[in-house]
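Given the structure of chain W, go ahead and fit chain P onto it with the hints provided.
There are 2 protein chains.
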Amino acid sequence: MSKFIPAEIIKKKRDGKSLTEDEIKFFISAYTDGSLPDYQMSALLMAILLKGMSLEETHFLTQTMLHSGDVLDFSDLIGFKVDKHSTGGVGDKTSLILAPIVAAAGLVVPMISGRGLGHTGGTLDKLESIPGFVTGQTLTEFRKLLRAHSLGLIGQTKEICPADKKIYALRDVTGTVESIPLICASIMSKKLAEGINGLVLDVKFGSGAFMKTQADAESLAHKLKDIGERGGKTVVAFLTNMEQPLGRMIGNALEIEECVSILKQDENAHLYKDCEELSVFLAGAMLWLGGLESSFEDGIMLAQSFLESGLAYERFEAICRAQGGNLQNLPKAPAHHTILSPSPGFVTTMDTEGIGYASLILGAGRIKSSDIINFVAGIECLKKIGDPVKKGEPLAILHGSLGSDFNAAESRYLKSLTFGATKPKTSPLVLKVIA
Amino acid sequence: MSKFIPAEIIKKKRDGKSLTEDEIKFFISAYTDGSLPDYQMSALLMAILLKGMSLEETHFLTQTMLHSGDVLDFSDLIGFKVDKHSTGGVGDKTSLILAPIVAAAGLVVPMISGRGLGHTGGTLDKLESIPGFVTGQTLTEFRKLLRAHSLGLIGQTKEICPADKKIYALRDVTGTVESIPLICASIMSKKLAEGINGLVLDVKFGSGAFMKTQADAESLAHKLKDIGERGGKTVVAFLTNMEQPLGRMIGNALEIEECVSILKQDENAHLYKDCEELSVFLAGAMLWLGGLESSFEDGIMLAQSFLESGLAYERFEAICRAQGGNLQNLPKAPAHHTILSPSPGFVTTMDTEGIGYASLILGAGRIKSSDIINFVAGIECLKKIGDPVKKGEPLAILHGSLGSDFNAAESRYLKSLTFGATKPKTSPLVLKVIA
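Top to bottom, those sequences are chains W and P. When we follow this note's numbering, the leftmost residue of the first sequence carries the number 1, and every step to the right adds one. When we follow this note's numbering, the leftmost residue of the second sequence carries the number 1, and every step to the right adds one.
For reference, chain W alone in the conformation it holds in the complex (with noise of 0.2 Å):
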């Protein structure tokens, strides 16, 4: 028998105690087994969520869900191995202009990405728009890929982390899902178990993030970085700004649109040049992490050389192809609906949540797990912060199929956006790189 009585432990955080190494460690393990109920399991996440967790604590979370299932070592593959993680945005899609970049530049870009759910999306469901291009690899399918192209996008194996797993289920149904520590141990211990030595965090905030100030985002990004490094990992922290959605593409197979623009450089790059721009930070900051180069600005400009020689297209191709995904083949919306500027003036501000809301209207995204995506539906948005639109310009494309009810989106993203006669200031994309 157990030394330990999950109720007590139960009543040591809601009574806002520290819990130990060990008790943690046997109430994860136990709910893991499947000894412990359900029932005590919630109970604890919501003395977590109302009580919160030390560093300490979070870290200790972190490695037994870490270390509830496989832990991958890529130690025999030549190279330092280097992630990214966001923590969600909408039109978000720099994960795919930044892997290609730093591995063509000659690290190993090990990347495991989750589906999307509510308004930001998710790196996967982007990636299935792609005809044929399959995300179940096994784990040594993955081997082979990142052995060949230094490169591997896949999903979620049942090998890792099955306690995040399970308890994130658990979470969404009693809302117990907006907890920091719980954040940082769900996101923490799937990084930690992909086999890196080096991590860089892209931490939102603005309207289109889960923290809406820059000082929660900033507390957060600093707790993500403690774990990480309590894991034994080199990280790199970004504040980057959410105000408005990154890019102009909003939807799956649209944001594969604008992310390949970006790679080739073709003629319609110059229309993503913020999307642009945070990719290549991120990845410069993978390239210094990763001691390609000895500071931050030289990584910035190794991986802005590997963008515009068209080495990284060559290598987003070839991933593609190796996961049996053909970019010839990008699937069209059937049925488009453009949306008029109501007013003359500057678009002074945009909630990005709202937009976000705007396209699952369209069938972009998922508002449950179980909900079904349409990859071709989403929003191309013509005008953003700062731009000046005449009355009646067009201010948004809607792309979805017949049966789309773009009149509900359509007023839905008008709501989202306001209008005034001068030019707002507009803030900086990255404010804060915290290394």
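Bear in mind the hints are in silico, worked out from the structure with no lab data behind them. In this text the structure is predicted, and so the values were computed from the model without any measurement. Hints may be right or wrong, so weigh each one.
What the hints assert, rightly or not - One side of the interface only, derived from the structure: several residues of chain P facing chain W at Cβ under 7 Å:
no. : residue
1   : Lys11
2   : Asp38
3   : Ala43
Ideal Cβ placement from N, Cα and C applies to all residues, glycine included.
Chain P in isolation, oriented as in the chain W frame:
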């Protein structure tokens, strides 16, 4: 499909907002009928424990739990129906004294009691220590007892407050017992289901009570009274002292012995003056509530007269007989152990909860609900606060069986007492009456 999403209701409470009557009804009803899982209920319970509930929410919760089962209707029985509820103490056997007093005086007492758990005893266990006494009557049999004796002493039936039963079992294993609104709703839903017109509450504070301070107990008393009144009952609440065990006897058969002595007013009755006094006070309030006297003071005098006339004992004997019990044949403990005072002086404090646990060591109660009680086990407290003791003088007699761990019980008992050179001030037994 229901318009309510359980996780949204949990989040609302988690964020400190008030739930509506409809939300509470939906959540509790769905949990009771099994369509809402334990893990969502336990998350809500923890959020309620940590974020609280307004009196209005507590009223809605009480009413929903009340109407989850049968609400008894004794309107066909002549007379005011009244009951008493105590928040639980050590040696508290007033129910068994006041119930026959009040019934003999002409009111109807439909008393539905619970079993003991932890350091406080349960009325039902005490009754069952009387050989042959049955507490498992059906509601039809209960009605017959009330018609014949104006009194019935039974246990919870499955028809009454099934929601409370299910929720209480969950609270017990999820660290969510110690919540004032949940405690209020649990107590009051069961009492409101009894078909009573009035209720007297005995809210205890001190070392043996759930509420350690008078302020906390007073706040609980006001809440319980409010919920009872919103439920249409007349309620009087007492704040009473539980700084030491009530009376002398702790343990089931021993407590019946004390009750019989008080009811018979025999040669030992003077040993139990505090218990008699509180019982008569509470009975007096019940008689006043029931309109038999126009003041609380006159109620007390009426109660005292029914005790002294022997009519209360007669009623107690009759109800025991009617429920199968044989008072002539109370069991006695086969083994005893006397605790001697380690020092001279005065008994200055008694940790009543500690003394309750000493009685648990002997088998007088349950630590978990599946434990089996030894009816003859218990403690006779010979010295109480303010009593002078000589070194080596008997402090208490432990009652048990041959295998009882008298040493452990003695050590726990002695650890619960302090001695001093000067006689301490004693606090009044009844601190306040909230009418």
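Q) Does Lys11/P pass the interface check with chain W, least Cβ-Cβ distance below 7 Å? A) With Cβ-Cβ at 4 Å, under 7 Å, it holds.
Q | When the least beta-carbon distance from Ala43/P to chain W is tested against 7 Å, hint result | A | Hint on Ala43/P: holds, closest Cβ of chain W at ~4 Å, below 7 Å.
Q. With 7 Å as the cut and Cβ atoms as the points, is Asp38/P at the interface with chain W?
A. holds, 4 Å
The earlier numbered hints are all upheld by this structure, with none contradicted.
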